[in-house]
Amino acid sequence: MLSIRLFLTVMILGLFPLPALAQDSFTPAVIVNDRVISNYDVAQRAGILELLGERQNSLETAQDQLIEEALMLWEADRQGIAANEQLIEEGLASFAAQRGASPEELIGAIRNANLDPRSLLRLVEAQLLWQESMRRRFSGRARPSDGEVDDAIILAATEPAREVRLAELAFPIFERGEEESVALIRRLYTELSQGGDFAAAAREYSRTPTAAQGGDLGWQRPENLPPRMQQQISILDVGEVSQPIPITRGVSLLKLIGDREVPSRDAARVSLRYAIASFTGDGATDRARAARAAATSCDAVAAGLPGAQDQTIVGPTTLDQVQGDLFNVLSQLTPGIASQPIPVQQGGSRLVLLCERDVDVTAEERNAIGDRLFSERVTGYAEGYMQQLRRDALIERR
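Going left to right, the sequence shown walks through residues -22 to -1, 1 to 376 as mature numbering (1 follows the signal peptide of the UniProt record, and there is no 0) numbers them.
Check the hints yourself; a few may be wrong.
So the derived label-pair ranges between C-beta atoms look like this [stated by the list, open to error]: (1) 190 - 227: 17 to 23 Å; (2) 56 - 240: 31 to 37 Å; (3) 343 - 271: 33 to 39 Å.
These aren't lab readings, by the way, just hints derived from the structure by calculation. Virtual Cβ for every residue (Gly too), placed ideally from N, Cα, C.
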């Protein structure tokens, strides 16, 4: 692990030369309350954003990021929170890993682009301090109750999962050099996004193990892919090609070949008992609706509901054993409350009652789900609080 203290010391000694500075580099670009953001700060951050693949409106994005970071640091100071060296090192490692690199590789790429790595370290520090200050500020409101954790466990176990079928085209930068590689990937993106043969291009240009198969990666769970790929896939329709995606020492394109919903892998962990009451003949739907209030338990259904011609009790069983429309119905029911009347073929209607339900989860999994809910809520509260800070701040653009 690269030591932040050693890294900064070496830079100060001049062994890692900083970019040459123009005379107006340190003139203020923005003043946020009493914090000055210089033209140098904006230019360096814009350069890092472009290096990370965010080329559109990089100067505007950089300035906006730095304004928010100034407010993040202001809030951390107000709460008396500071980041230590170990925390920053861990944050830098996480930031780099999300982009498929090590901290040394990422900082090396920044230096090779004649940019100042301290801009990246400031970004990491501000984000870490903001996360901690928001956790402290909203801890009481964001902590989920046991019932809310139960609901999240059931939802995760019952809602369908998404799978995508992808094709990739990727090659290393060193093979052609940066300038030629950038030109090639832009040309390929233009051609392939307009209907070009992706499989043929992958066989010709890609250097991944899937090249011989036209880049076909098969079916994938989006959450198992790197964050940058997840972000691109989330905005694609079937048949579309992603923008160029920076990867470790290279660049890639993805094509979304297919998109489908599949039962959750956790459905087998949901145990349940349920009842079905069937109503046939004239007025079946009206009779089912009238009997719904009496369908409060499996015993009540088994004893016979008014106007019902048949009743079935199923279970204990697991949710993955339930097929078709009944799976969707049971996934959405609350125990002890019957469904609305459901039409059936050849006329008639039925009520479905979820009598009992349980999910087999370990204490560790339960804690992890609670932590995820907590983090999601803190993130939501933090977004609103940042808007408030921006409204209240004195922001002077030069």
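The hints, checked one at a time:
The hinted window of 17 to 23 Å between residue 190 and residue 227 holds, with their beta carbons roughly 22 Å apart. Checked against the hint of 31 to 37 Å, the pair residue 56 and residue 240 fails, with Cβ atoms roughly 47 Å apart. In this structure the supplied range 33 to 39 Å holds for residue 343 paired with residue 271, their Cβ-Cβ distance being about 36 Å.
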